[in-house]
Amino acid sequence: MDSSEYIKIMNNINSDVVYRAKKIKLLVLDVDGVMTDGGIYLSSDNKENKRFYAQDGHGLVILKSLGLKLAILSGRYSKAVEHRGNELGFDYIIQNSRDKLDAYHKTFAQHFNETDVCFVGDDIVDIELLKKVGLGVTVPNANYKGLHETCDWVTPRKGGYGAVRDVCDLIIMAKNET
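Convert by adding 4 to the 1-based position in the sequence shown; the result is the number in the working numbering.
Across the chosen pairs, the derived CB separations fall in these ranges:
(1) 50 / 19: 44 to 52 Å
(2) 66 / 87: 19 to 27 Å
(3) 13 / 71: 22 to 30 Å
(4) 119 / 43: 30 to 38 Å
Note that these hints are calculated values from the structure, not bench results.
Beta carbons are placed, not taken as given, at the ideal position from N, Cα and C, and that holds for glycine.
Can you build the whole structure from these sequences, using the hints too?
Listed below in structure tokens is the structure:
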């Protein structure tokens with residue numbers, strides 16, 4: 005998608021989505037299929053590598069500068085995720101979490117109102133948390149198509165190819181509205 009098409013999409017976001025995005029204080033991200041394209045690269049010595057989109061990282065750094073808290077909530081464990089999360093200054097990195105709603109309650113519920121939280125997920129295990137938070141977001145390449153109907157917003161770009169930056173841009177835009 006070219007930049008003029010992207011700008012047009014971002015300028016035509018439903019006003020309710022923008023209103024919800026303005027309230028966000030915590031952004032929680034799934035990893036595989038959201039922060040990455042979902043691919044897992046294994047070397048012959050069984051080391052795992054992941055591909056992250058650099059512009060997503062820049063958007064996350066901007067959100068941090070605006071005072072937002074950042075969290076990773078993943079069903080798998082990966083050293084690459086831990087490294088990327090630390091590099092970008094994530095406040096929370098939760099991996100091996102099979103029950104994301106339970107992890108949300110244990111880690112965030114006492115610190116944040118549900119309306120203050122945006123969660124970005126892409127699979128059936130994410131549905132309950134997506135329904136609970138103030139802004140539920142998925143990607144066009146979601147593994148479970150029912151997510152599109154469950155979520156408040158679907159990013160213009162796929163996971164691993166700018167979807168996280170789309171969410172950052174939405175929140176930045178919403179917070180800059182008067």
